[in-house]
Amino acid sequence: MPEITLVQAVNDALKEEMRADDDVVVLGEDVGVNGGVFRCTADLVDEFGEERVIDTPLSESGIIGAAIGMALYGLKPVPEIQFADFIWPAFDQITSEMAKMRYRSGGQFTCPMVVRTPYGGGIRGGHYHSQSPEAYFTHTSGLTVVVPSDPYDAKGLLKAAIRSPDPVIFLEPKRIYRAPKQDVPADDDYVVEIGKAAVRREGTDFTITCYGAMVEVAMKACALAAEKGWEGEVLDLRTLVPLDEQALIASVTKTGRLVTLQEAPKFSGYSSELSAIVAEKAIDVLEAPIRRVAGFDVPFPFTLEHVYMPHAERVLKAVEDVMTF
Amino acid sequence: MSQDLLQVISESGKALKGKKPGLSADELVGMYRSMLQTRLLDERMINLQRQGRIGFYVPSTGEEAAQVGTAMAFEAQDWVYPSYRVPGLFLQRGVPIDKMVANCFGNEADLCLGRQMPVHYAFAEQHLVSISSPIGTHIIQAAGTAMAQKLKGDDGITAVMFGDGGTSSNDFHSGMNFAGVARAPCVFLCTNNQWAISVPQEKQTASETFAIKAAAYGMPGIRVDGNDVLAVYDATKKAAERARAGDGPTLLELLTYRRGPHSSSDDPTRYRGNQADSWMAKDPILRFRKYLENQDLWSEAQEAELQTELKAEINAAVKKGESAPQPSLETMFTDVFANVPPFLREQYEQLVRDEGTGHEPDPDAAFPL
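From first to last, the protein sequence lines are chains A and B. Using numbering that gives the first Met the number 0, the first residue of the first sequence is number 0, and each one after it goes up by one. Using numbering that gives the first Met the number 0, the first residue of the second sequence is number 0, and each one after it goes up by one.
Among the hints, erroneous ones may be present.
Claimed, not checked - DSS-like, lysine-lysine: derived pairs with alpha carbons at most 25 angstroms apart: (1) A/Lys-219 <-> A/Lys-280; (2) B/Lys-19 <-> A/Lys-75; (3) B/Lys-202 <-> B/Lys-19; (4) A/Lys-14 <-> B/Lys-237.
Said to hold, decoys possible - If you anchor each label on the Cβ, the simulated ranges turn out as follows: (5) A/Arg-38 <-> B/Asp-353: 51 to 57 angstroms; (6) A/Gly-73 <-> B/Leu-22: 30 to 36 angstroms; (7) B/Gln-325 <-> A/Asp-186: 46 to 52 angstroms; (8) B/Leu-328 <-> A/Lys-219: 45 to 51 angstroms; (9) A/Asp-188 <-> B/Glu-124: 56 to 62 angstroms.
Bear in mind the hints are in silico, worked out from the structure with no lab data behind them. Where is the CB? At the ideal position from N, CA and C, for every residue including glycine.
Working from the sequences, and respecting the hints, build out all of it.
This is how it looks when you write it as structure tokens:
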């Protein structure tokens, strides 16, 4: 198996799916000749031509709206929004159009498409290149929301997303775009099933839920906790909608303690939903109150980014809280 | 660019010199039938709404030529993105009237399963794309469909209908721009009925006309008398042929007037007095009828016969629509995704467990806009 980065994994997934299905097309700002500002669509235009790898005018609402029209007609578009922070002009097209098309037409029209977008902080990008917008989309009925945390999943989940009959928001953690490298299958048929979480570290004392670039932070926090004799379980959700609720409840039932971890702001964040589900369905197994570790409820800062971003020591503090309650 | 209007028949129903419709007698009469059917459906549905038998309706009285003339110009394989004020386009394109009425009742026979308000139709078989209420969102989608048709090398083209208000939306800009750049086979149809609810066209744009906006996107813009069904047909047909030949998109401005309210919930006397009266004399149906009579294609007797036939057809559709049951409870949870995921199944099961399956609609609920 070749050892590749997350960027290369995305690129490989696109290439394989475009080779397998002529209806798969890529469109967005700078995705063609330039190969994408992060290089995720590098070389695609050479192999598939400008008709299937479309450099669009600079309009996010236009990119998603045009992709919807393509999907309705039978293509499988994979539009790229250059940064998730730029996705808001397309919010109406995503939430009111793409997400609702199947429902509002009684199943007569559908939008199988994948909106790819890099998200998250830690790259010194300031407010407009660092946000984590997942909660806006997980709150919208009709959207599948996927967040890979490593190259293996990025490739397998993206291939599965392109084959999905439903519209998918595919959030790529850009801080870990280029590291660490990982062995990833080159097999065309390899996919990672949407809707299944993965246990990244087994433990018996507490559970950390996480996704995207925060998985690495959770792993570090567990290593620190182990020095104190506490064994943490890391549950990488991989798909936010539909949530693998069974895996969540199973892990919390096993450990009895939950720390949720996300870099998005805390209030009304996705992890609050996880907390609510556990409180509704498994409060009897909890031995301590749930702790949420998240970004602060402030705009994403530039200079103080390192303070804003959740880090292993901050997670460890939450672990101490649930372990010593 | 001038304010000149393309016309084929005069306001008194005379064929203008040198203008030929390019349609057979049967086709001309068929178009007249669709226009009259649209008018009669309008009157009936507004009445039903006033009687509280349907919740909402969007009338299009006075705009029938713009709907039927455009529809006549497209082929079966073409895709059309309608606005919510074009029932005549649906009828001319062969949508069964009882399916439209079923949508207005939101019953189980509605192809949209009662999930949207009345007149938000979707008919995949006729390639009439699902309508949403926010203005302009479908314009860029139409450009995308046209790009897909070009990419796949298909013969079909795409048309999109919107109003004067729609030209102010950001997706009008992106749609015109994307289609222009891609030279996509798309026909942009702006029905300028001069009002966006209460806002007149001069508050919508500082442009001399709506057609002039085409120049900024590198495509032709043509201003058409929207109450002259043959002019609408002629201009749309040429734009469709241009698109089909690979020469790119066209914008047409179809000038007409919204004689009625924006919707069944709107009272236009609050913002424009009795201005609509002057447009009664320019009625597109009367004008086309006079033309047909001048051509010896229509008579008083035929008119009476057709009116009776169409009214009976609408009555039958209303009777059928009103007696059909509402969609089943499961339909609230299906089609959110291709398959019902466990968390939605759980919500459905909890609903049935807690409240049973009998849910009658609230008779006092009324839509305010």
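Give me the numbers of the hints this structure contradicts, sorted from smallest to largest.
When the structure is compared with the hints, numbers 1, 2, 3, 4, 9 turn out to be violated.
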